[in-house]
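Undergrad: Sequence:
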Amino acid sequence: MAATDRPVAGGYLGRHSEFVRSFVGKRAQRRSDQGFSRLTSVPRTLYDIVNGRRVDTNDNREVKKYHDTILVPFYELQPPNADGKEVVGLRAAQILLIFNIARDTRALPHERRRAQIPTLYLFLGYTGGRSGEFVYNERKRPLEAAQVFGPEALRHLRQPDDDEEDEDCEQESHLITQMAAASNRTRGRPKALCYEDILLTVVRDPETNKDVHVLVMKLIHHKASDVLLFCPITHMVGLALDDNAFASPHLTSAERVLTVKNQAPAQCTPLRWKDEWLKKPVFRRVDGSGASPDEALPYHIFNEDIKHQSLDAGMQRALTARAWRRWRANDLNGSAPDAVRDQVMRHDPRWTTFFGAYLNMAVEWDLVNSALQKELQNKLILELTQVGIWHDPRATRDMVPDEVWEEMTPDPEIEALRRKREQLKGGAYRIAGKECEEEVRSLTNQINLLEAKQRKDVRQEYREYYFKNRPTWDIDRQFGGEAGEVQEDYAEPVVELRIPERAKLAQLLCGQPLGLSDEEICKRRIRAADLWSALCKRQEKPKRSRLHLRRQPQAVPFKEEKHAQQLGRVKQMLCDHLKCKEQALEFRHLKHFKNHVESVYGVKLRA
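At position 299 of the sequence shown (counting the first as 1) the number is 299 in the UniProt record's numbering, and the numbers step up by one without a gap.
A hint or two may mislead.
To be verified - No more than 30 Å apart at the CA atoms, straight line, and that leaves these computed lysine-lysine pairs for DSS-like:
1. K379 <-> K468
2. K504 <-> K523
3. K456 <-> K434
4. K420 <-> K434
5. K425 <-> K307
6. K504 <-> K261
7. K191 <-> K537
8. K537 <-> K523
9. K591 <-> K604
10. K579 <-> K307
11. K581 <-> K604
12. K261 <-> K274
13. K279 <-> K191
14. K504 <-> K307
15. K85 <-> K191
16. K468 <-> K456
17. K604 <-> K579
18. K456 <-> K425
19. K537 <-> K261
20. K453 <-> K420
21. K261 <-> K210
22. K420 <-> K456
To be verified - For each label pair, taking beta carbons as the anchor points, the in silico distance ranges come out as:
23. H308 <-> A428: 46 to 54 Å
24. P270 <-> Y490: 43 to 51 Å
25. P471 <-> L376: 26 to 34 Å
Note that these hints are calculated values from the structure, not bench results.
All values derive from a computational prediction rather than experimental measurement.
We put the beta carbon where it would ideally sit given N, CA and C, even for glycine.
Could you put the whole structure together from the sequences, leaning on the hints where they help?
TA: Pasting the structure below:
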């Protein structure tokens, strides 16, 4: 299958109509759910701001009871996490890491962003940290109540006698806010992982008596992995070399960094960072010109990369950063004491946060063989409880066939808005300066939003339809084929990597043989770190299929017989108006003629 082929089963094109009918039938139900979500999306802080006090606890209970007993059955809503909580396992981590470097066909603004993604994956998986501990995840400060609702809307809710007291409270609250903001600014660093939070050091291993590179991040220690694909130290060295962040002027290559030895009698040799890099984030915002010097990578960009790559890699549902955190938490649960698990996850042992938000809903234990007192197959059960086993490499993020879009019926709501817009325009193309301009533009925005929502719904519904029916299609192809028909094996799509450093990295990381010696692993790690550092300086240009080129109009052929200067002045420029003909006006040049038309007739001619 080519990289651009859509996963459409041969002989099953008629099922597209079945999907279209199912999608159109659910359209009204989706609109009802969307309307209910709008009603429940209003925060309770609105009540606090307007009334000056919190909602009563008994009222909260009554609202929840009304929601659970009346609204949920009426709108046929499903409870949260009804589909389970995704847990990234070793298989899913390997799939995403390989996909990022070898199979992702997106043209990112700069390859530094591609080099940051696997490092974040490994940090999330190994440390169990929250995404906000690595990237910038601070929300924007909300506007003041007077700016949101207007001062007139709030003034009539206050009593006249309480004006002075309210002003004092507002001044005190504003002062506290300024002090909190000043404390963050005096730190001189963003709320993200910075170089001062990371210690890369060489430690003498007491068991093997060898010098080992160790990455220390707060209270989290991790040694380099023998498998280069899962080695965060190699990724971190590549990013640090790209930033030229090492304090020693001799650490300019991966070979020198990864071959540092302890000098007797020292048992530990930290690799220090430059002072100007201590408060700069490791993962930074990237655009077409490269990485930002001091702006941290926003969470929404990293979250978009996770969702995009997980869907394109063939996962059934889009993954989030919390799925990686659940992997670490469930792996520690049972294999380590609860105190260690709570320490790694930063949970208060007095609360059951792990069991409420991170515990895998699928039981990771062989219950049948345990009851029969036979040998347990917990490794097999563990594979079934993680998302990697359910992935389908034939699925992509945008996998809706063209036949579905052709058979899709128009949305009645969108068509009604279009008719209303055409009626307001009255057949005119330009609406600038007209009375209906504001309403027409508002209708256009509504149409665009509804069309985008419809495309998103179609993609999501078709993906669920595909994963639900794909096993049945494969079984029908296996047993319903003609006699003697040979079943074709699945061939992985060949992705042409146009950046040489990325192609070499894909070959080095994805094709690592087993049984390598320590010296061979060290050479491969040095080569991988150098390639990561070189990849951070490259930028992939988008493919021609993604470029939107404007077609130039064809030149109209004409025959030039005489130059205009050879003609008389009157023949060059004439005014066909009766009064002007009677006066026999002569125009010396084009600007003279344009000034005449504008001053006499009020018409401004274009150049």
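Undergrad: Decide, hint by hint, whether the structure agrees.
TA: We went through each hint and held it up to the structure:
Simply put, K379 and K468 have alpha-carbon atoms about 26 Å apart, close enough for the 30 Å limit, and the pair holds. For the hint linking K504 to K523, the alpha-carbon distance of about 14 Å falls within 30 Å, and the restraint holds. Between the alpha carbons of K456 and K434 the distance comes to roughly 34 Å, so the proposed pair goes past 30 Å and is violated. In summary, the hint linking K420 to K434 is supported, as the alpha carbons are separated by about 16 Å, within the 30 Å threshold.
Proximity of K425 to K307 is assessed by CA-CA distance (about 40 Å); at most 30 Å being required, the pair is judged violated. Taken as a hint, the K504 and K261 pair is honoured in the structure, with Cα atoms around 28 Å apart against an allowance of 30 Å. Between the alpha carbons of K191 and K537 the distance comes to roughly 26 Å, so the proposed pair stays at or under 30 Å and holds. Our distance criterion of 30 Å between C-alpha atoms is met by K537 and K523, whose separation comes to about 22 Å.
Restraint check for K591 and K604: the C-alpha separation of about 11 Å stays at or below 30 Å, so the hint holds. A C-alpha spacing of about 72 Å is found between K579 and K307, which places the hinted pair above 30 Å, so the restraint is violated. For the suggested pair K581 and K604, the alpha carbons sit about 20 Å apart, so the restraint of at most 30 Å is met. Our distance criterion of 30 Å between C-alpha atoms is met by K261 and K274, whose separation comes to about 20 Å.
This hinted pair checks out: K279 and K191 have alpha carbons roughly 10 Å apart, not beyond 30 Å. Of the supplied pair hints, the one linking K504 and K307 holds, its CA atoms being roughly 26 Å apart against a limit of 30 Å. Restraint check for K85 and K191: satisfied, since their Cα atoms lie roughly 28 Å apart, inside the 30 Å limit. For a cut-off of 30 Å, the pair hint linking K468 to K456 stands: about 18 Å separates their Cα positions.
Between K604 and K579 the CA atoms are separated by roughly 19 Å; this keeps the pair inside 30 Å, and the hint holds. Restraint check for K456 and K425: the C-alpha separation of about 29 Å stays at or below 30 Å, so the hint holds. Straight-line distance between C-alpha atoms of K537 and K261 comes to about 29 Å, which keeps the hinted pair within the 30 Å bound. This hinted pair checks out: K453 and K420 have alpha carbons roughly 20 Å apart, not beyond 30 Å.
Distance hint between K261 and K210 is fulfilled; the C-alpha atoms sit about 9 Å from each other, no more than 30 Å. Pair hint K420 plus K456 holds up; C-alpha atoms about 24 Å apart against a cutoff of 30 Å. Restraint check, H308 to A428: a C-beta distance of roughly 41 Å breaks the suggested window 46 to 54 Å. Under the hint 43 to 51 Å, the C-beta atoms of P270 and Y490, about 49 Å apart, fit the expected range.
Look at P471 against L376: about 27 Å separates their beta carbons, and that is inside 26 to 34 Å.
Consistency with the previously given hints fails for numbers 3, 5, 10, 23, ordered from lowest to highest.
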